[in-house]
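Peer 1: Required output: the full structure, derived from the provided sequences and hints.
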Amino acid sequence: MSTLTPLDPRPVTTRALAASRRERPPARRGAARRRAMLGAAYAAPTAVMVGVFFLAPLVLVGWMSLHRWPLLGPPTLNAPDNYSRISDNELVRSAAWFTAKYTVLMTVLLFVVAFGLALLVQQRRPAVGFMRTAFLMPMAVGFASASLLFLGLLSDEIGPVSDLLRSLGIIDGYVSWTSGSPESALGSAVVLVLWRFAGFTMLILLTGLQAIPLEVYEAARIDGATRWQTFRRITVPLMRPTIALVLTMMITGSLLAFDQFWILTRGGPDNGTTSLVMVIYREAFIRLDLGSAAAISVVLLAILVIFNVVQLGVLRRRS
Amino acid sequence: MIRATAASRWTHGITGTALAILFLSPLLWSGWASLRTGTGFGLENYGRLFTSDNGIRPHHVFNSITVSALTVGGTLLVATLGGYAFGRFRFPGRDLLFLVTLAILMVPYATILIALYVLLGWMGLQDSLIGLSLVLIMFQLPFSIFMMRNSFEAVPRELEESAQVDGCNSFATLTRIMLPAVRPGLVTVGLFAFLTSWSEFFAPLILLNSTDTFTTTLAVVNMRTASHGSIDYAALEAGVVFMAVPCLILFAFMQRSYVRGFTSGALKG
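Sequences listed follow chains A and B, in order.
With positions in the first sequence counted from 1, the corresponding number in the numbering used here is that position plus 5.
With positions in the second sequence counted from 1, the corresponding number in the numbering used here is that position plus 3.
You may find that some hints are simply not true.
[Claimed, not checked] With beta-carbon atoms standing in for the labels, derived distance ranges:
(1) B:PHE174 x A:VAL314: 35 to 41 Å
(2) B:THR40 x A:ALA61: 48 to 54 Å
(3) A:PHE135 x B:VAL248: 18 to 24 Å
(4) A:LEU252 x B:ALA184: 30 to 36 Å
(5) B:LEU251 x A:SER99: 37 to 43 Å
(6) B:ARG179 x A:GLY229: 55 to 61 Å
(7) A:VAL117 x B:VAL64: 36 to 42 Å
(8) A:SER99 x B:ARG179: 55 to 61 Å
Derived by calculation from the structure, the hints in this document are not laboratory data.
Yeah, the Cβ is synthetic: ideal placement off N, Cα and C, and Gly gets one too.
Peer 2: Right, here's the structure in full:
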């Protein structure tokens, strides 16, 4: 830039004025550039990590999906076989249907429970600190550990749940919660996820609730709004960005469910609780066909991206 | 929002406390079940956890500690430098890099782990704890970078300028002035990285394939999935408690700053 300055046809005063308007006199321009280089240097580790471990695998998974790619041995181009085979795969179809069903069920239940908890602990009242800690505590247990915990909790050998329900007369005889029927296996996983994630979801909703100014509630109270009206007309609309964030996280998490079914139900009984990510794992490391696993991944990825873009679009239009 | 009457205060207290106990009971039960033996209480189940054929070994614990240390250290390093860059500097490509980093959240990792498995193989990092840690660091970046950018942006400009007047270069400003100011953010990022890496299951399942490199989580889950006959539930619960105790202790000590860091960082930007 500074080498071009002599060619600038404008009078000196105008140039100085223009420069001062940009608040960047020529002498400081070099400093600004040096500072930009410094910033880029500090961002370099992030750029390398994102480039090598995120963007490269993203391209690679697309590339792999076009090949017959065995776990060992050289890949050969076979496009579009991996994709056309997806629709013939009976397991993929049942897993896709199951995953969709699970996502809807889980999102609705988790949202209702977490919102309820957030409303319960939003104000400073006696025992609220204890409640918050109790709801957040499961978050400290890893999800795989939590799945094992529930495997024991729901087992007939050492778990108290069956005994408790029997003594209350709700069930009789032997019930195998995690492998008896697809419905009870799904129910077990739902309870596990509610326990593990309700507190975390509550925490995010709480940040949104507390960002609503108290005066707004005060005004509603003066206008004589009922509790329900206040919730419908003030809390929910003002919480929209937070709700959108929570919904996105819950839906994405549910579509990618793995640990709970892999550990708790083993995908059974009769593949009744086999999720899409479990099928990807099975294609890659049990059937040793990485190309087919990559193709299913790409389809799942496309669904997620479309979903997130639509969601963001809706959110932007509304706000 | 609405003035609480005595009756509603009681309903609130009782409902909340009952729910809190319901949420705590699985944790308390697992501790109790892990200590209960055929004749009373003791550490027998823990003994079986460490000695049975499919049980965990000291090197599994060591592997977990290695992965957690590498992931926490790496995440803090990259996120501190990155957060400083995004929060305090303007440079070409800044907004694009920030958006791409956040996009990691939108492309959850189950879908790209198959490719990462191949990629790490090409880099000579298959079945390696370092490779696993690098992947875990990458997955921590969206949250960590977001958090640290907000933390650095919140530091008053005057603090930085006065340091520069005193002759500090940008790196000395970072280490002497900025780091103490962003400590709550660092605690949150570090704790989150530890909790995730210590108990992560899916990434190690795909990226590690010899029992020598297994982390404790993999080894404990293996006790369930590798058993064809009956499952040793009591030893399994001992494993759950063994995995959970470090996390619960850390969580108890840091819950306050963790939640504060979360609430201050989550809504801005």
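Peer 1: Hints first: check each against the structure and report whether it holds.
Peer 2: Now the hints, each set against the structure:
1. B:PHE174 x A:VAL314: 35 to 41 Å: At 39 Å between Cβs, range holds.
2. B:THR40 x A:ALA61: 48 to 54 Å: 51 Å, holds
3. A:PHE135 x B:VAL248: 18 to 24 Å: Holds: the Cβ-Cβ distance is about 21 Å, inside 18 to 24 Å.
4. A:LEU252 x B:ALA184: 30 to 36 Å: 34 Å Cβ-Cβ, so the 30 to 36 Å window holds.
5. B:LEU251 x A:SER99: 37 to 43 Å: 38 Å, holds
6. B:ARG179 x A:GLY229: 55 to 61 Å: Given a distance of about 57 Å, which is inside 55 to 61 Å, the answer is holds.
7. A:VAL117 x B:VAL64: 36 to 42 Å: 39 Å, holds
8. A:SER99 x B:ARG179: 55 to 61 Å: 60 Å, holds
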